[in-house]
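Could you put together the complete structure from these sequences and hints?
Be aware that the sequence shown starts at 665, since it is given in our numbering, and climbs by one per residue.
No lab work stands behind these hints, which were simulated from the structure alone.
One or more of the hints may lead you astray.
Said to hold, decoys possible - Below, in silico cross-link-like pairs of lysine-lysine (DSSO-like), each with a Cα-Cα straight-line distance of 30 Å or less:
#: 1; residue 1: K747; residue 2: K936
#: 2; residue 1: K863; residue 2: K962
#: 3; residue 1: K1041; residue 2: K897
#: 4; residue 1: K962; residue 2: K747
#: 5; residue 1: K897; residue 2: K837
Claimed, not checked - Using C-beta positions, here's what the derived DEER-type ranges look like:
#: 6; residue 1: T1024; residue 2: R934; range: 37 to 45 Å
#: 7; residue 1: E913; residue 2: V702; range: 44 to 52 Å
#: 8; residue 1: V904; residue 2: D941; range: 17 to 25 Å
#: 9; residue 1: E1029; residue 2: N898; range: 28 to 36 Å
#: 10; residue 1: R835; residue 2: G795; range: 45 to 53 Å
#: 11; residue 1: N756; residue 2: N898; range: 28 to 36 Å
#: 12; residue 1: S881; residue 2: D941; range: 33 to 41 Å
#: 13; residue 1: P1014; residue 2: K936; range: 17 to 25 Å
#: 14; residue 1: G853; residue 2: G1018; range: 28 to 36 Å
#: 15; residue 1: E1029; residue 2: P732; range: 25 to 33 Å
#: 16; residue 1: K720; residue 2: P887; range: 45 to 53 Å
#: 17; residue 1: G853; residue 2: D939; range: 18 to 26 Å
#: 18; residue 1: G899; residue 2: G738; range: 32 to 40 Å
#: 19; residue 1: H816; residue 2: A696; range: 18 to 26 Å
Please read these numbers as outputs of a predicted model, since none were measured by experiment.
Built from N, CA and C at the ideal position, the CB exists for glycine as well.
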Amino acid sequence: MPVPRLRTASAAAFLALAAAPLGACGDKPPAAPRAPAVATSAADAGGMAALTTAAKKEGSLNTIALPPDWANYGALIDGFEKKYGIKVKVENPEGTSQDEVNALKEHRGDGSAPDVIDVGGSFAESAARQGLLAPYEVAEFDEIPEEQKDPHARWYNNYGGYISIGCDAERVKTCPSTFADLRKPEYKGQVSLNGDPTKSGSAFAGVYAAALANGGSFDNIQPGIDFFAELSKNGNFIPVESTPTTIAEGRTPISIDWDFLNLGYAEEFRKKGVDVDWRTAIPFDGSFAEYYSNGVNKDAPHPAAARLWQEYVFSPEGQNLRLGAFARPVLMEAMKENGTLDKAAADKLPTVEGTPTFPTEAQTEKARETVNRNWAKDVRAER
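Here's what the structure looks like:
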């Protein structure tokens, strides 16, 4: 990953331009700043200072489905509010990716719509296709890997992780470490997902990982649905959304979820003295990595604050806050190169083998259509 690139060709070229007289042949006057609602970068809005001033004047940022214990959103929101004096409102903190996309459409023009979204990749792609997201390039846009951003800058990945299996060793005698393990009768009534895969990005990823562990592929997610139908039939899979509360209550002792969430729950339980020995394993038979995507509402009620928020969560400060909660920042390699990465936090991440690969937009959309069509029919019918 290259270090951030300067936008000038070279120092010599810059000096030559600076020495040229005003009005010389070929000179163009600088473009006038555009309104934040249509600005496609901070420079387009007149620079970071102008964007910050406009955002502070708006004074608020509408968000949705950002629980404080998810990828360090509590610390990110606190940091943004303290740095800029802008109040962050969080609607429906336990909502799903689909809830976020729905809110863009249902609250358009009424002032309560979310200014920004944070959703699973397939949901971001869907929102972009529906014309719901504004093109906006953050300062670090060039450093985001090509496969992890929309070429039109309507969405780009911010953080992510690997599907993992969390387990309460106080309640489960032998914790599972693979998808194959989850078939064992000793796990009856114990296996859960973080939501409904037709609505939740993390649950959808859990089904994708199960497909890879059972002969499926990025082109074929059906084996993952079949796997959960089997677990549902034998009583191992339970229709309860796993959360820190359900884990602490013993209702979901085994949870298929992102590694950054499972690792974060363990730390949270330790800090609060909750009697849960929560352990995390990344299943080698169904290794699946994904990142969550950020985007700006095309009709954001607070367009300047929306764009300033994007700048913040992609800044070294924001990316390192993600890392502090075990989430892998999308700019991790670039930050290693330029020396801004929190190495101590990075060293705490679990070791994974190989280089992660990701489904294409077409593959993800096909998988979503399959899950939406077959999940209720194949899995819920077994309950």
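Status of the hints after comparison with the structure:
| no. | hint | result |
| --- | --- | --- |
| 1 | K747 x K936 | 28 Å, holds |
| 2 | K863 x K962 | 22 Å, holds |
| 3 | K1041 x K897 | 13 Å, holds |
| 4 | K962 x K747 | 25 Å, holds |
| 5 | K897 x K837 | 23 Å, holds |
| 6 | T1024 x R934: 37 to 45 Å | 39 Å, holds |
| 7 | E913 x V702: 44 to 52 Å | 49 Å, holds |
| 8 | V904 x D941: 17 to 25 Å | 20 Å, holds |
| 9 | E1029 x N898: 28 to 36 Å | 31 Å, holds |
| 10 | R835 x G795: 45 to 53 Å | 47 Å, holds |
| 11 | N756 x N898: 28 to 36 Å | 34 Å, holds |
| 12 | S881 x D941: 33 to 41 Å | 35 Å, holds |
| 13 | P1014 x K936: 17 to 25 Å | 22 Å, holds |
| 14 | G853 x G1018: 28 to 36 Å | 34 Å, holds |
| 15 | E1029 x P732: 25 to 33 Å | 31 Å, holds |
| 16 | K720 x P887: 45 to 53 Å | 51 Å, holds |
| 17 | G853 x D939: 18 to 26 Å | 20 Å, holds |
| 18 | G899 x G738: 32 to 40 Å | 36 Å, holds |
| 19 | H816 x A696: 18 to 26 Å | 23 Å, holds |
When each numbered hint is compared with the structure, no violation occurs for any of them.
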